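Please put together the full structure from these sequences, using the hints given.
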Amino acid sequence: MIAALLRLELRRTRLLVGWLLLLVVAYSAILAIVYPAIRANAANLDLSMKAYPKDFMAAFGMEASLSDPGVYYTADIGILLWPVVAAIAGIALATRPTAVDTERGWIETPMSGHLSRVAYALVSVVVQALTLAVLSVATVGAFVGVGALVGANLNAGPFALAAFAAWLFGCAIASVAMLIGVATLNRGVAAGITAGGLIVMYVFRIVGTVQPDLGWLANLSAFRYLYPTHIIDMGTLPWDEVLGFAVLTIAAWGIAVALFRQRDLVA
Amino acid sequence: MISAIEFRGLTKFYGQRRGIVDLTADVREGEVFGFLGPNGAGKTTVIRLMLGFIRPTEGHATVLGRDVWTSSAAVRSSIAYLSGEPAYLGELTAEETLRFMCRVRELDADTWRPLAERLDLDARVPIRKLSRGNRQKIGVVQVFMGPEPLLVMDEPTTGLDPLMQREFLHLVAEARAEGRTIFLSSHNLSEVERACDRAAIVREGRLVEIRPVRELPGDHWRRVSLVLGSAAPDEAFDLPGVRIVDRAGDEVELMVRGDARPVLARLIRLDVRDLTISTPDIEDVFLGYYDRGAPDAPPAENLVVGGRTPEPSGQTAGRTEERTR
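Going down the list, the sequences are from chains G and F. For the first sequence, the numbering used here assigns the number 267 to the last residue and increments by one with no breaks. For the second sequence, the numbering used here assigns the number 1325 to the last residue and increments by one with no breaks.
No wet-lab data here; the hints were simulated from the structure. Please read all numbers here as calculations on a predicted model, not as lab measurements. Ideal Cβ positions, reconstructed from N, Cα and C, are used throughout, including at glycine. Keep in mind that a hint or two might mislead.
Computed spacing ranges between beta-carbons, pair by pair [what the hints assert, rightly or not]:
(1) F:1028 - G:11: 34 to 44 Å
(2) G:259 - F:1197: 35 to 45 Å
(3) F:1017 - G:216: 22 to 32 Å
(4) G:16 - F:1177: 40 to 50 Å
(5) F:1170 - G:248: 48 to 58 Å
(6) F:1122 - G:248: 44 to 54 Å
(7) G:243 - F:1028: 27 to 37 Å
(8) F:1161 - G:16: 29 to 39 Å
(9) G:16 - F:1122: 47 to 57 Å
(10) F:1109 - G:254: 31 to 41 Å
(11) F:1122 - G:1: 26 to 36 Å
(12) G:130 - F:1131: 58 to 68 Å
(13) F:1271 - G:264: 32 to 42 Å
(14) G:259 - F:1090: 25 to 35 Å
Going by beta-carbon spacing under 8 Å, a handful of chain G positions derived as facing chain F [stated by the list, open to error]:
(15) 1
(16) 4
(17) 8
(18) 105
(19) 108
(20) 109
(21) 110
(22) 113
(23) 115
(24) 236
(25) 264
(26) 265
(27) 266
From the structure, some residues in chain F lie toward chain G, with a derived Cβ separation under 7 Å [unchecked claim]:
(28) 1054
(29) 1073
(30) 1078
(31) 1081
(32) 1087
(33) 1100
(34) 1106
Here it is, written out as structure tokens:
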């Protein structure tokens, strides 16, 4: 019964995941192909980057030379492509079985059997986590894999940690979206609040970085934490931050499931 | 007799909006119970409460002895349910949908097939390409395919053609013969008359009465629509069992109860240009019967309104309540 629902939910996810996989693999592969040229021309690039204010460049992930694999990945993927992909997948998947299926009435079909509400909601959580894992591994894997083919010599270990951090970041987005989706049973509201929050935090990080006297704003931004450059350069995970994100994610999912168990399933 | 379903003071408000108010009733094991009322009467709310999709504001309900909210999953395991507006995933075929439903209900994956063949359902077509009637067939198949002791159906024949409606009634009869209990919500009076043993009538969220279907008002009433060539006074229709429910110029709508011969004899003397006689739908019944009172209405066999028990006089509390509005 749970397996049947899980299979169906994964099947419903195919199209979205297919398109997003195409996007992330193509984008990451192109960046990997370009990387050797970036590295070969690092001196010229660094010279041209000096024309811009340092804080301004740092605000967009370029704290150091683009020839640095961590900086290159972070500026182009870690804080650019991945948050967008994670938000699209996380919000879409986290709000579908609860808010959308309640609005459309489909929820009455799987829920008319023996399935408990908790099991139903947990299946949704598993689908979110699995999908985001596939996407994060594909994003980083395409970058590292294609990089290996073109002689970029990227160290797979630190990038695997970056993939884990990206997955956790995506799960945090999905869990918050699910919580709001269950509370409102309205995908539009859940998507708006979640995406709006991400945009605000992105702006906070930029403003907080460019304006040192507003540095405290950057501390309010999720983008400041689990920062890919640090993970890749250091080759280790910031465990305090991992724990913080894990607690936030599990709490949001847990509250969403508990709320789903109690609330009226009528949009 | 044992109750399959019990409602006790069941009330549901969606914020300020009324769903159902103070519903107290019993559905006996093995009977086909109609739940009859116009759109917006609260029928779907009651069904959603039974399935634990929504939580009662007050009161409670039990299905086969289990509370519908606290034991929701267990209750649902004993129910086969057909939603009033079944929403399917358009990209799935009927076969994929029904196989999924079988797995969710822990049935053999091909349990649906004989019924689908019986109802002539093309199961290989994606649901988005199916007509309303064919989509409804999926719901009919899934509700009758399992062994659940209780079948709950919300407007089950909507969109079905007359042949399929007849087949549906056969399926109901077979399920009843197997001793299964059926709770059938409808606003179609004739459907309830043909399928059910007893029926509850609800209006504006309140139970009006519960009767054996043979005593339902629609069993004896006919709607007569006239177009007159020349004016006739209201007194022309002043006959026993006849009531004018609408009049606009030369067009007259009558509700006629009982023997039709005096009415036909009177109509011969009038300048009737057009005449339609039909069985009333539930809206007509409420217009012609419950809204205006019916002194010759049959007594209620089992009336519970607002948690009260039947009045021994046979005069229904529900009707009294309506008259005193």
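Against the structure, the hints:
1. For the pair residue 1028 (chain F) and residue 11 (chain G), the supplied restraint of 34 to 44 Å holds, since their beta-carbon distance comes to about 42 Å.
2. Separation of residue 259 (chain G) from residue 1197 (chain F) is about 41 Å and conforms to the stated range, judged on CB atoms against 35 to 45 Å.
3. Range check, residue 1017 (chain F) to residue 216 (chain G): about 45 Å between beta-carbon atoms, so the 22 to 32 Å window is missed.
4. Taking the beta carbon of each, residue 16 (chain G) and residue 1177 (chain F) are about 47 Å apart, inside 40 to 50 Å as hinted.
5. Checked against the hint of 48 to 58 Å, the C-beta distance between residue 1170 (chain F) and residue 248 (chain G) comes to roughly 57 Å, which is consistent with it.
6. Take residue 1122 (chain F) and residue 248 (chain G): their Cβ atoms lie about 49 Å apart, and the range 44 to 54 Å holds.
7. At roughly 58 Å, the beta carbons of residue 243 (chain G) and residue 1028 (chain F) sit outside the given window of 27 to 37 Å.
8. Look at residue 1161 (chain F) against residue 16 (chain G): about 38 Å separates their beta carbons, and that is inside 29 to 39 Å.
9. With their beta carbons about 29 Å apart, residue 16 (chain G) and residue 1122 (chain F) fall outside the hinted range of 47 to 57 Å.
10. In this structure the hint that residue 1109 (chain F) and residue 254 (chain G) lie 31 to 41 Å apart at CB holds, the actual value being about 34 Å.
11. Our hint of 26 to 36 Å for residue 1122 (chain F) and residue 1 (chain G) holds, since their Cβ atoms are close to 27 Å apart.
12. The given range of 58 to 68 Å is broken by residue 130 (chain G) and residue 1131 (chain F), whose C-beta atoms sit roughly 36 Å from each other.
13. Distance hint for residue 1271 (chain F) and residue 264 (chain G): a CB-CB separation of about 57 Å, inconsistent with the stated range 32 to 42 Å.
14. In this structure the hint that residue 259 (chain G) and residue 1090 (chain F) lie 25 to 35 Å apart at CB holds, the actual value being about 29 Å.
15. Of the supplied interface hints, the one on residue 1 (chain G) holds, with its beta-carbon coming within about 5 Å of a beta-carbon of chain F, less than 8 Å.
16. Among the interface hints, the one on residue 4 (chain G) holds; its C-beta lies about 4 Å from the nearest C-beta in chain F, closer than the 8 Å criterion.
17. Annotation: residue 8 (chain G) was flagged as interfacial toward chain F, and the flag holds, the nearest CB pair being 6 Å apart, inside 8 Å.
18. Checking residue 105 (chain G) against chain F: minimum C-beta separation of about 3 Å stays under 8 Å; hint holds.
19. Below 8 Å, beta-carbon pairs count as interface contacts, and residue 108 (chain G) has one with chain F at about 5 Å; its hint therefore holds.
20. A least Cβ separation of about 7 Å between residue 109 (chain G) and chain F falls short of the 8 Å threshold, and the interface hint therefore holds.
21. Satisfaction of the interface hint for residue 110 (chain G) is found here, the shortest Cβ-Cβ separation to chain F being roughly 6 Å, below the 8 Å cut-off.
22. Hint on residue 113 (chain G) holds. Least Cβ distance to chain F is approximately 4 Å, under the 8 Å limit.
23. Residue-level restraint check for residue 115 (chain G) holds (minimum Cβ-Cβ distance to chain F is 6 Å; threshold 8 Å).
24. Using the Cβ-Cβ criterion of 8 Å, the hint placing residue 236 (chain G) at the interface with chain F is not satisfied: the shortest such distance is roughly 44 Å.
25. For residue 264 (chain G), the interface hint holds, since its Cβ comes within 8 Å of a Cβ in chain F; the closest pair sits about 4 Å apart.
26. Taking 8 Å as the C-beta cut-off, the interface hint given for residue 265 (chain G) holds, the closest approach to chain F being about 5 Å.
27. Because the smallest distance between the Cβ of residue 266 (chain G) and any Cβ of chain F comes to about 6 Å, under 8 Å, the interface hint for this residue holds.
28. With a cut of 7 Å, the hint placing residue 1054 (chain F) at the interface with chain G holds, because the nearest CB-to-CB distance is about 4 Å.
29. Checking residue 1073 (chain F) against chain G by beta carbon gives a least distance of about 4 Å; that is within 7 Å, so the hint holds.
30. With a least beta-carbon distance of about 9 Å to chain G, the hint placing residue 1078 (chain F) at the interface is violated under the 7 Å criterion.
31. Because the beta carbon of residue 1081 (chain F) sits about 4 Å from the nearest beta carbon in chain G, less than 7 Å, this interface hint is met.
32. Here the hint on residue 1087 (chain F) is kept, as its CB sits about 3 Å from the closest CB of chain G, short of 7 Å.
33. Below 7 Å, beta-carbon pairs count as interface contacts, and residue 1100 (chain F) has one with chain G at about 6 Å; its hint therefore holds.
34. The criterion of a C-beta within 7 Å of any C-beta in chain G is met by residue 1106 (chain F), whose closest approach is roughly 6 Å, and the hint holds.
The structure shown violates the earlier hints numbered 3, 7, 9, 12, 13, 24, 30.
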